[in-house]
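S.K.: Sequence:
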Amino acid sequence: MSLIDLQRDMRTWLHAGDAAGVSAPAMRAGLAVYQNNYRAQLMECLETSFPVTCDWLGEAAFRSAAACHIDAVPPSSWTLDAYPRDLPATLGRLYPDDPEVAELATLELALAEAFVAADADVLDTARLAGVDWDRAVLRFVPSFDVHDVSTNAPAIWSAIINGDRPPAATMLLAAAGFLVWRHDDVSRFRTTDQAEVHAILRARAGAPFADLCAYLVDDLGEAEGVAAAGRWLGQWIGEGMITAIEGESPCVD
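Its first residue numbered 1372, the sequence shown is counted upward by one per residue in my numbering.
Hint data in this document are derived by calculation from the structure and do not stem from the laboratory.
Here the structure is a predicted model, which means the values were calculated and not measured.
Heads up, none of these hints are tricks.
With beta-carbon atoms standing in for the labels, derived distance ranges:
no.: 1; residue 1: N1533; residue 2: R1602; range: 24 to 30 Å
no.: 2; residue 1: V1597; residue 2: E1430; range: 49 to 55 Å
no.: 3; residue 1: V1502; residue 2: D1555; range: 23 to 29 Å
no.: 4; residue 1: G1609; residue 2: P1467; range: 37 to 43 Å
no.: 5; residue 1: D1492; residue 2: P1467; range: 38 to 44 Å
no.: 6; residue 1: E1418; residue 2: W1449; range: 20 to 26 Å
no.: 7; residue 1: S1447; residue 2: G1501; range: 42 to 48 Å
no.: 8; residue 1: L1465; residue 2: G1501; range: 49 to 55 Å
no.: 9; residue 1: D1469; residue 2: R1602; range: 30 to 36 Å
no.: 10; residue 1: D1492; residue 2: D1564; range: 27 to 33 Å
no.: 11; residue 1: Q1606; residue 2: N1533; range: 22 to 28 Å
no.: 12; residue 1: D1535; residue 2: G1577; range: 39 to 45 Å
no.: 13; residue 1: N1533; residue 2: R1506; range: 40 to 46 Å
no.: 14; residue 1: D1457; residue 2: N1408; range: 17 to 23 Å
We put the beta carbon where it would ideally sit given N, CA and C, even for glycine.
Construct the entire structure; sequences and hints are all you get.
M.R.: This is the structure:
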């Protein structure tokens, strides 16, 4: 057997335990220990990455879900830091009638990834005076992200983190979202409505601020659209979400 074949069989054994090439009786005992250590490391990685989700589900239910995930999704990166990224999708499949579970895990993952995102200085407000707002393009900090949310998962997360009794899971009356970013070395989030989510998605995609204002006027009406644009811009800058305002929009092929 070639080295590459042995490595391939070893990988298959780790994932499924059924590789004939490495399951000879003389090898099984040692490989079983190796496979158990492999799974234990992945389980520990998931438990460490999602403590609030584990608290919400209960340890037994969380470990059962994590075991299903380990069976279905082998690591695809050289670092275990990347392994938790697919668990929210697995939880969504395992708990289709309890969407707060996947959304809670999504929030936990987003906060963790914001914490390790690349550093960037926040915008110096002294530079605002020289901005050409007809061509201005907002640049968000690398840690910033936005997610849709349909349940009160953010409220559940906050209660558990603060040691309070979490509320019962409920569906929101209207679709919403949450924003995640890091500021002053602390991962932060806040919930918001779909109007701000859509505005942020346009801004983050490179729409000039003037185009964003025009979109909001069309969507919300002139008075409310202009007011929302100014209010959100001030909030995004004040909360440390913006790293730069560029004077020209990006080129479009």
